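These are the residues of each chain, in order.
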Amino acid sequence: MICALDSASRLPDADRREATARLVMRLFAYHYECNSFYRRRCEDAGVDPRTVMSRGLAAIPLLPVGLFKQSNAHLLLSRPLEEVELEIRSTGTGGVPSVARRDTKTTTAVALALMAQYREFFSISGGAGLFLCPSPAENPEMGLAKVFNLFCGLLDRSHYALHGYSVREDEAVEFLVHEQGSTVRHVFGPPFLVNRLLDYLVKSGSELKLGEGSLVVTLGGWKRYTGATIDERRFREKAARRLGIEQANIRDMYGLIESDMLAIECEHHHKHVPPWCHVSVRDIFDPSREVPDGTRGVIAVSSGLNTSYPAFILTEDVGVRREGGCECGRRGQMISFSRRLKGAEVGCCAVNIEREIDTVSAWARDVAIEPGSPPRRPASPAR
Amino acid sequence: MICALDSASRLPDADRREATARLVMRLFAYHYECNSFYRRRCEDAGVDPRTVMSRGLAAIPLLPVGLFKQSNAHLLLSRPLEEVELEIRSTGTGGVPSVARRDTKTTTAVALALMAQYREFFSISGGAGLFLCPSPAENPEMGLAKVFNLFCGLLDRSHYALHGYSVREDEAVEFLVHEQGSTVRHVFGPPFLVNRLLDYLVKSGSELKLGEGSLVVTLGGWKRYTGATIDERRFREKAARRLGIEQANIRDMYGLIESDMLAIECEHHHKHVPPWCHVSVRDIFDPSREVPDGTRGVIAVSSGLNTSYPAFILTEDVGVRREGGCECGRRGQMISFSRRLKGAEVGCCAVNIEREIDTVSAWARDVAIEPGSPPRRPASPAR
Amino acid sequence: MARFSDEIVEHFTHPKNVGELPEPDADASVVDPVCGGQVHLTVRMGDGRICEARFVAYGCAAALGTASIVAEWVVGMGPEDLASLDEAAVTQRVGGLAPGQSHCARLAMEVLHALADDLRTGKGSE
Amino acid sequence: MARFSDEIVEHFTHPKNVGELPEPDADASVVDPVCGGQVHLTVRMGDGRICEARFVAYGCAAALGTASIVAEWVVGMGPEDLASLDEAAVTQRVGGLAPGQSHCARLAMEVLHALADDLRTGKGSE
Chain A
19 MICALDSASR LPDADRREAT ARLVMRLFAY HYECNSFYRR RCEDAGVDPR
69 TVMSRGLAAI PLLPVGLFKQ SNAHLLLSRP LEEVELEIRS TGTGGVPSVA
119 RRDTKTTTAV ALALMAQYRE FFSISGGAGL FLCPSPAENP EMGLAKVFNL
169 FCGLLDRSHY ALHGYSVRED EAVEFLVHEQ GSTVRHVFGP PFLVNRLLDY
219 LVKSGSELKL GEGSLVVTLG GWKRYTGATI DERRFREKAA RRLGIEQANI
269 RDMYGLIESD MLAIECEHHH KHVPPWCHVS VRDIFDPSRE VPDGTRGVIA
319 VSSGLNTSYP AFILTEDVGV RREGGCECGR RGQMISFSRR LKGAEVGCCA
369 VNIEREIDTV SAWARDVAIE PGSPPRRPAS PAR
Chain B
19 MICALDSASR LPDADRREAT ARLVMRLFAY HYECNSFYRR RCEDAGVDPR
69 TVMSRGLAAI PLLPVGLFKQ SNAHLLLSRP LEEVELEIRS TGTGGVPSVA
119 RRDTKTTTAV ALALMAQYRE FFSISGGAGL FLCPSPAENP EMGLAKVFNL
169 FCGLLDRSHY ALHGYSVRED EAVEFLVHEQ GSTVRHVFGP PFLVNRLLDY
219 LVKSGSELKL GEGSLVVTLG GWKRYTGATI DERRFREKAA RRLGIEQANI
269 RDMYGLIESD MLAIECEHHH KHVPPWCHVS VRDIFDPSRE VPDGTRGVIA
319 VSSGLNTSYP AFILTEDVGV RREGGCECGR RGQMISFSRR LKGAEVGCCA
369 VNIEREIDTV SAWARDVAIE PGSPPRRPAS PAR
Chain C
8 MARFSDEIVE HFTHPKNVGE LPEPDADASV VDPVCGGQVH LTVRMGDGRI
58 CEARFVAYGC AAALGTASIV AEWVVGMGPE DLASLDEAAV TQRVGGLAPG
108 QSHCARLAME VLHALADDLR TGKGSE
Chain D
8 MARFSDEIVE HFTHPKNVGE LPEPDADASV VDPVCGGQVH LTVRMGDGRI
58 CEARFVAYGC AAALGTASIV AEWVVGMGPE DLASLDEAAV TQRVGGLAPG
108 QSHCARLAME VLHALADDLR TGKGSE
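Protein chains in written order, with this note's numbering: chain A, 19 to 401; chain B, 19 to 401; chain C, 8 to 133; chain D, 8 to 133.
Calculated directly from the structure, the hints in this document are not laboratory data.
Since the structure is predicted, the reported quantities are computational estimates derived from the model, not experimental observations.
It is possible that part of the hints are untrue.
Partial pick of chain B residues on the chain D-facing surface, computed with a CB cut under 8 Å [unchecked claim]:
#1 64
#2 67
#3 89
#4 90
#5 99
#6 100
#7 117
With a straight-line Cα cutoff of 25 Å, these simulated DSS-like cross-link-like pairs (lysine-lysine) come out [to be verified]:
#8 D:23 with B:227
#9 A:87 with A:123
#10 A:256 with C:23
Each residue gets a CB set at the ideal place from its N, CA and C atoms; glycine is no exception.
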């Protein structure tokens, strides 16, 4: 399915639903078998593989994403620690990190899945990429950094313009201008960081001309840690004008590392759920109840890829699901994110990066370092 | 098959052979249908899809790899040029470039195939990579550069120590030493360039300690343009000692861009043909005749991935095929490369890179540039 | 080397001394600002030596395993013992750390030193 | 913009004037040292203008298409016309080049200028 994502995304609904269900149900049976912690939860809910077979994917007991922040993380694993190859977390500083542990098989599956989606939605096979996000070199366990970094294998040239937690807008612009004419140029980063570059261009009154083939790809929250929200439409208008690209090529992605899922926007700005995942939207007050398509509720994601732990996740995000055909030609589930669940901390990667950047910037202003030299981070706050 | 390469590589021989044959035969029928140039060659040989069905993959008419160097390249294409997304060539300067043109579908398939193989053979999901090879930034159409660069998506940090055609061994060592202790370190490049780093270490009497998890991955010819050959065993001994890694982690790869195939060495130094390709070894004097396993002959590779052109290629390489089980647990075809066919020019990417590097080095010595600043290349030799 | 030492596998899979001691004689918390790992240690003293310890930790498996090992290790130590431990000592005690896990040794060392400080200057010396 | 202009698609798919003129009045060969593209042009003159041209080219599709377009384009030109053509003129004539193909315009310009030189100083002026 991963290797034929283009055709899998165009299957008739019934066929695709069946393929997805088969994949997810097989994994449910596997985790039910291998994971005693999860099995107990299933038994408490009166659910076993036969129940799921007869009642459908909605019957699968979900793990609240908050569990991945807990100290007794070993309980979640369906495989022994020895098989864990990659640990990634969804938050930088501040707050407790949410950690997803992937065995070698899952690591491979997720890498191939993302690669297939990048090829399907972006068709990148060269060109230059400006990364306005933390690099995995500095943050080897940050999920957001890993997800963006995978683009480097497809690009001919990649440049990170975030050093430590300091953004270098001048350097970013210089990189984009330098590549002009010689190759296609793309921009990757969380919305607020790309927005920072746009504001820098507005302030300096400049407009770049990236051209038609260029993409802006965002991932991470639209709500800032200050509480203000970046408006997606206005962001797209500003980006299109300031970077000189088509609005259709400004694409947001939605995902959470615990679920292995990345939903990518097509040119019509619909976020497509890959066919190896199943999204279900739940009643905010009673998450055991599914709400109909088009109705707002809590997003739940079940993965058909993850053998490390039962990646049947109840998120803390509120959104809407639709299913059917999209103007882009793809069929399947589409989701839109509305807001964080009330009571959930605003705590995705991007928000924490932003908070940190503002802290460092303020600190840099205080000590009045020379312009150009990136500020050193304050020392580790022991105690 | 790509997404389950681990299990596909462990199938019983009969099952794997059947799966590979199905894939390749389907593509043969497709190219026979879509490609009038290739169809004429088939008709001249009295072969059609039914012949191949009954006589097996050996009946498929092969395209001599030299055709990809010819001026009337359009004849090879089974798809219109509009669908070609990526053009890659197998040579740098000097000699006529051999160009493979891939449509979007093939580009995706090859990217996923390589990714699956890298994960299967190297399990890389982070760490630092030193690239002793041309970067696609400077050589966006060089096949070798693209194949190596795909690792960047899996690594946390990548560094190219070849600038233009000038190698910076000091920079390479500095990079490796700098990453010591903080992350696992790998080295990628054609044999002669890695060998250059080893000789640099020998000369300076140094030994690095990359450690057990580190890999040295080579791709490109072992014969130097001077005619001398780098001995693989001695190379591995030297690399193991100078870089401080296990010999089992020094891995060569064999491939040619026209065939889409990359055969990667396992820890026992056997090069495994991926199950989506079929290798056949031919009589040197009569390439229509297959020679038995274990016998030296001309390597032919048929790809089950390529929809752009009939990637059923008769190479100019002499080697040996074996089939069956390997000590590493994988089953399938294994190949070893012996030498270039007599009369064929020594002209893979690596050889041309080497020739160029020596030219530039000599030129740099002549004009006595200051040490440290990479020499500018001589101006383009028009006429 | 395997990705995780046997000791870390054991302590990650069966963490010992998890939790917080009520009214501890000393405690220490450390956050790794880069990787987000956190360790909180509470101890009870007797005869100038630690006689009981509990930990709560968040982060990567090596950090969790290391924290559990440390909570067992410190029993019987006094503030000077804690202060004398460095990253190398931690690394050895946990059975080795792969490249990329070395921050766990630093995190553990920092919490041990912070605990020593608390014992000498804070509640522990009251 | 599409990856290839209509003109390049047409000339790549149906190359015109391929080959070498025997005993040409002038010829020029250019190699792109970075991408490996090559163009060889031979022309025959009449009344101080090119009346026939043939090309042989190797390299990427845009280079091949451009070379075919150029071999058609030069007919009717004199050495001064050739020398006056720059990359922008080539780019326009071939219907535009995507980023990453601009080296084809340079390659074509270089072969045109080399041809002009050959006409003025070499066999062409004999």
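Going down the list of hints, with the structure as the test:
1. 64: Hint on residue 64 of chain B: violated, closest Cβ of chain D at ~29 Å, above 8 Å.
2. 67: 26 Å, violated
3. 89: 5 Å, holds
4. 90: OK, holds: residue 90 of chain B within 8 Å of chain D, min 7 Å.
5. 99: 5 Å, holds
6. 100: 6 Å, holds
7. 117: 6 Å, holds
8. D:23 with B:227: 59 Å, violated
9. A:87 with A:123: Status holds; Cα separation ~23 Å.
10. A:256 with C:23: Between residue 256 of chain A and residue 23 of chain C the Cα gap is close to 54 Å, so the pair fails against 25 Å, i.e. violated.
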